[in-house]
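**Student:** Line by line, the protein sequences are chains A and B.
Sequential numbering from 329 applies to the first sequence in this note's numbering.
Sequential numbering from 329 applies to the second sequence in this note's numbering.
Please keep in mind that the hints were generated in silico from the structure rather than gathered at the bench.
None of these values were measured; they are calculated from a predicted model.
Each hint can be trusted.
Identical copies carry no separate label here, and so any pair may be met within one copy or between two of them.
Below are the BS3-like pairs computed for lysine-lysine, each with C-alpha atoms no more than 27 Å apart in a straight line:
1. Lys399 <-> Lys668
2. Lys438 <-> Lys630
3. Lys438 <-> Lys472
2 protein chains.
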Amino acid sequence: MTAATLTIDLNAVVANWQALNALSVSEVETAAVVKANGYGLGAGPVAGALAQAGARSFFVALAEEGVAVRKAVGNDPAIYVFSGLMNTDIPLIRDYTLIPLLNSAKQLVKFRMGLPDAPYGVQIDTGMSRLGMPLSEFIMVRDKIVKADLIISHLACADEPDHTQNKQQLQHFSEMTRGLSMRRSLSATGGILLGPDYHFDLVRPGVGLYGGEPFSNAAPVVTVSIPVIQTRNITAGQSVGYGAAWVAKRPSKIATLAAGYADGLIRAIGDGGMMVWAGNVPCPIVGRVSMDLLTVDVTELKRVPDHMEIINPHQTVDDVAKAAGTIGYEMLTSLGGRYKRDYVNG
Amino acid sequence: MTAATLTIDLNAVVANWQALNALSVSEVETAAVVKANGYGLGAGPVAGALAQAGARSFFVALAEEGVAVRKAVGNDPAIYVFSGLMNTDIPLIRDYTLIPLLNSAKQLVKFRMGLPDAPYGVQIDTGMSRLGMPLSEFIMVRDKIVKADLIISHLACADEPDHTQNKQQLQHFSEMTRGLSMRRSLSATGGILLGPDYHFDLVRPGVGLYGGEPFSNAAPVVTVSIPVIQTRNITAGQSVGYGAAWVAKRPSKIATLAAGYADGLIRAIGDGGMMVWAGNVPCPIVGRVSMDLLTVDVTELKRVPDHMEIINPHQTVDDVAKAAGTIGYEMLTSLGGRYKRDYVNG
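The whole structure should be built from the sequences, with the hints applied where relevant.
**Tutor:** Quick look at the structure:
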């Protein structure tokens, strides 16, 4: 294989799930969010490992994603669908026993007509104005959802613990759901870290499972190792890469590596001072990131190895994301389809 | 299906290939670059359509990518591999009749030992310092590559027609290859547009095939259509999305759509004034782009449709890329694996 290798440590995913689980009291269920193909790392392997470790509920964005998770976890775990019920979802929801989180009175009516006896949940909006029934709509259906098995909302600012909106959303959620009999869930990773007031009956970590901020104690999950295609010596004044944007200030040795922005190594990191690692030795990326290639200054290395790493315990998903001006979540979901994927498990 | 739909117009890809082919004289072969899974659009369908339209040579980044293309185009077309010969490539190159573009004397020696009678090409560096033999190395092997079937180099600044490096690389390429008997190739899309001096025996367009700059006359290839999950009315002062970063200045209607940065709708476009289209009516994206969701101000619409478009003839791949601070190439390769993919053909 000549493709770069994306190694996904499922033991670390499980350890992160357990660590997040330990942050709430034992009555609170810790579920797992595996939407967007398990944040890009593979919904099937991730959900399978977590189910084996004891996770009993999974969350996906779309019904189609739920199908892949059902195949990985078997019949028992609950699989909730954030988008609720969309146009042609009824057969998938029925055949794979998915639980839609209904976002509007319209979705609720449609679901009950289509699958009168099937389980469902409800999503309410408490201030993010994105998914879920607004208060005005929820008031009208509140007495009609007694059979719902879960009611959820989502925090807009949980990654900023001091943001005033967190407490406002907590208060709205408590008031809107007071007296209802079904289980309640407000928090993803950020909300778990805000403390027990935010935990209710079920928490649903996503990014923290995959080693990303705001769960700063997370075990690293991802390693990206890239083969070196060739090395060359250049003179001072010689340029490297597209736009001749980087010019050597000294005689340099440049290694060309076989991964680029088509592999999710976001093009903007070319200006971000990112390193690529030869074992424990960091070497700076120089020049623009190409679609399939990176160029790295390896002048200081005594020996250029066959492979170098761009994401590893020295330089995390969040470090690389920051250099690209974005967040770890986007870095994870950008890691593309060309990698050889190795799963570490058990 | 509830996933967003990525429609890929293979007729437009073929039309772009024909238009680029018409820019060089008939003796010059027009190949097709289908690396990175056909710039994210599907190497198999794209290569298949182009082979049917008459393309006889294809270029990929890695040997593994060549396998997928071989399966799509049958036995006759030539498939060149930019990374040349990497560690364990010999069996793939042999079994799928791929042609490595050897980038170093080391690759050349290894290839001849492994597959003494198999065809190969050579890549030389003429100033980009990325892939290919530098002059010092090329001089040593120049007399030993008489059986090579193609010699290529790559321009670093072809997307900037006035950049002085273009003429320098042209001159280096002409001098380094003078007197050699094999076919010569210097130009991708940008180089084709620089004019006939840059065409040599074979041109190898990539991004222009897929409707991207710098080929400004390209027919648009990609449409992205996203289902609307729900709409809500909000008051002036209410915020939308993560970080409560966007606040309504007037009573507004907000639609939530089922695609986000996990689908390659780069998170940075949330600040970029991008539109989402209801037919011919543009509606602004408001709030941050989420992993699986977009929020759109649809206050001005009389009726909110079931689906809205974010890439279409009104707003191209390059327009969206610019709003994200990047280039169309990266936008194309970011379009992720969650879409339902529809190919328009014939």
